[in-house]
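Undergrad: With the sequences and hints as input, model every part of the structure.
Each chain, letter by letter, is given below.
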Amino acid sequence: MSAIYLGEFEQIVLLAVLRLGEKAYGVPIRAEIENRAGRKVTVGALYATLDRLEAKGLVHSWFADATPQRGGRSKRYFKLLPAGVEALSGSKAVFERMWEGLHV
Amino acid sequence: MSEPPKFAEWLLRRLVGRRDADIVAGDLRETFDPRGGGRLWYWWQALSCMAVRFSLYRRSLPGIGTDFSRAVRRIRRNPGYAMTAMLCLALALGVNTTLFSFLDSLYFRRLPVPEADRIVQIRRQNAPFCSWQEYFAIRNDLHSVQAAAVLIFFDSMEVGRTNFDANVEGVSSNFGQVLHPGAALGSWFGPESESQAEPSVVISYRLWKTRFAGDPSVLGKQVRILDQDFRIGGVALPEFTSTLPPFMADVWVPLRPPAYPAHATLIARMPPGTTVAEVTAEMRVVSAVMRASDPGNEELASPVLVRPHVGFMSDSRNAFFGPIVTLLSAVSGMVLLIACVNVANLLLSRAAVRQREIAIRRSLGASRARLFRETLAEGLVLAGGGLAMGVFFGDWTGRALELLLPSLPMALYRGLHLGVDWQVMKFLTAAGVLCAVLFSLPPALANGRRALNPALKGDSVRNSRQREVYSIVQVALSLTLLIATGLLLRALDRVQHIDAGFAFDHRAYVFLSRPKREAFTQATAPLVSILIEQARELPGVEDATFAENVYPFAGARCAAAARESRQEHVYTNTVHPNYFEVMGIPIVRGRGFARTGSSADVPHVIVNQTLARTLWPNEDPIGKTIRFGGCREAGSTTGSIVAVARDAKYGSLDESPQPFYYLSDNEDPDVGSLALIIRTAGDPHQWIKPLIDLVRRGGGDLRFSESEALGDAVARSLWQVKWRASLLAALGLLAIVLAAIGVYGVVACSVAQRTREIGVRMALGAVPLDVQWLVLAHGLRITAIGIAVGLLLSAFTVRLLRGFLYGLSPFDPVAFAAASLAWIAIAIFASWYPARRATRVDPMTALNYE
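Residue numbers (the numbering used here), protein chains in the order written: chain A, 952 to 1055; chain B, 4 to 853.
Just so you know, these hints were derived from the structure itself, not from any lab.
These figures come from a predicted structure and were not determined experimentally.
Built from N, CA and C at the ideal position, the CB exists for glycine as well.
A hint or two may mislead.
Claimed, not checked - Among the chain A residues that face chain B by a calculated CB cut under 7 angstroms, a handful are:
| id | residue |
| --- | --- |
| 1 | G977 |
| 2 | V978 |
| 3 | T993 |
| 4 | V994 |
| 5 | G995 |
| 6 | A999 |
| 7 | R1021 |
| 8 | G1022 |
| 9 | R1024 |
| 10 | R1027 |
TA: So, in structure tokens, the structure goes:
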């Protein structure tokens, strides 16, 4: 059972980072959430959540290569830390237990 | 291809911070082109980042732990400065603790009973709701609330063979059911007490502890109050002192329906879901019905008020406490401000010491906001420490004040509780945070403003000018307080020297009353005469007399010259013929009362000069007819004037001349109580006990109540003036101490900063006296400017004191001059130590300094 409680949006963001693996930075993360969860996300909300997750020690971020289509600006990549993986699986386990034997 | 809006990009960079903005702008740019532009979209996304940036969480919480732990570390490294700062704050916040708990008990405190927010008081404008009998008539017709009636009076309480004065709350028998006050022992009486032979009473916890030594077997003991027998049925909880604070009750007695011809205050508990408006509506209807059945009763005409039972401020008490509250608030606020300026000064001098460190951190990229937050955190830690100490001080001063309060003119206000509760803590915390912001601002702004280059190179950038200004402000504020204190002390002196118009030294009295509250009549006259004779024979007693009342008089009656002329509200006294001699009140015209019973049909009346002047301007009042007594025609009597007595003070020493008339006890013996007054050769206190013994022996079934030296009663009427003066003196002293610390700090700091200059001067041949003068002059310059500003400030503020000064001009030159001189002396004192230290500077060390 995870000691860290994750909000719904935090879970979605963490899962998006996890799915993207090496390619997880701002633009693809937002695209992933939009495509899979069908949710429009503002940059502000996304980075606020990512900053918070980083402060909790669930993700790690670093700055990397600037590309011309970004106007020469650098990207900020994100990676899940072990604690993040643990928190996610904890949340999943909670839902699985709650859903057990239920059919709707 | 369109370009992203440049202004949005610029705003992002300015508001979000360069690095984060770069990432966001990059992301947006990458998406912007593929989605085919969209300036609105871009703006929306950029604004979302700025909104997050400015949300409270992002701005304050991250890193706040670091800020605080750094602040604590810095404070621990320099405990001296931190302790000084906290002590300054603690003193000022301590004063404010007392103020807040005073305000709390005046305005906000509820009764200590369950669900106290549903308790309401039902009354009329400036009057109780109804008479005691009316209450019993209406109580069964009330639907929206259950109401209890409460009545305060004083009586003697007999337990076994002992007998003592008690503050009694006469209440209706449903009191316990309405209020649920709870009991420490036993239980509250209920409606059954109305039919019992010996109903039970509840005594206060205080009485239980003091009179019965906390003995649990007190239940069932017989007591006698109001000439009725009761049994003690319970002991109230310690915190439940009275229904009508600040009155402090000793015993709660269930009164029976026909019991009392007095007025009662109604206290009611609203059932859940009932509103004050509903209760008011019902009470208006009840009042209208009462009015219809008694149309002539003026008292039933005033509007009905239903108010939540909080604090104890009514209109009349507002008149008494209002000015004190204003004065206390203003002075406490000033003291707090002075303390804040002090701490700001301290922090500024710390900032001057740390300027190199700050400059380095800023050049390494620490933002101004970051440094500001750190300074604020340090301020909050200091305020927190000051607050903790302040509450301790405040609780202590509150207790000290509570101990002082029994000397209040009214035993009533003894219940003024000055403890610290949550409400007070909330106020205090708010005050503490406000202080922290106030005194953190100047150093924080100074840190942000300073040019980096000179600071990095180690050139000292002084902020001494700013600190001097603060010091001047302190001197000015505390001078204002000092002037106000001086004015009040002078006013006190003035009041104490007012001619009372009667002799009170060497006079003592004891009040006598008859059992069952019967009046003194012709039948008791012989007993009274015998008592006077016996009192005269006591060794050391020079003379004795009787009067219905003694100073201070209360409860005016009416008088008029003739049937149709205007009525005057006047005080009165029924006295023995020799009263005027014993009390040293000269008869200025006519003769006094006849020694023996008068044969005249109309009673003889003696008026004072003011009443004579008011009723018969420019006429000789002797022989004129006066109508006196009740203010309605039915209750009044006519009498003839036999003499005019000199004016005296009747209600208070500072009153303007009041109209007054005297009746003779030979002709109008029908009075409720009599004071036996004696004139003694020595200290009157010694004769109080013999006097009481005399009444015990020879007074038959007479009861005696209050007994004291008349001089004490007069001194007590000066209580308000003394209280105000001593309060302001104490706070003024505190302000001076705080301001003196400020001046000392500024001068000492400038000596430290000018060590090199002083060394040079001394190397060049300056003698110690020159150097001392240099430093002293600095302190005096600050003080002189402070005094000038303070005098100007006082010129505006002392007007507010006008009501407290008893005719003394608020611009009294003595107070102004004395306060200014006192401050000059304080400034010399505060600068003296740094000046001495300056002369001890060794020129060689000083030249190598820094």
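Undergrad: Evaluate each hint against the coordinates.
TA: We went through each hint and held it up to the structure:
no., hint, in the structure
1, G977, "holds (4 angstroms)"
2, V978, "holds (5 angstroms)"
3, T993, "holds (4 angstroms)"
4, V994, "holds (5 angstroms)"
5, G995, "holds (3 angstroms)"
6, A999, "holds (4 angstroms)"
7, R1021, "holds (4 angstroms)"
8, G1022, "holds (4 angstroms)"
9, R1024, "holds (3 angstroms)"
10, R1027, "holds (4 angstroms)"
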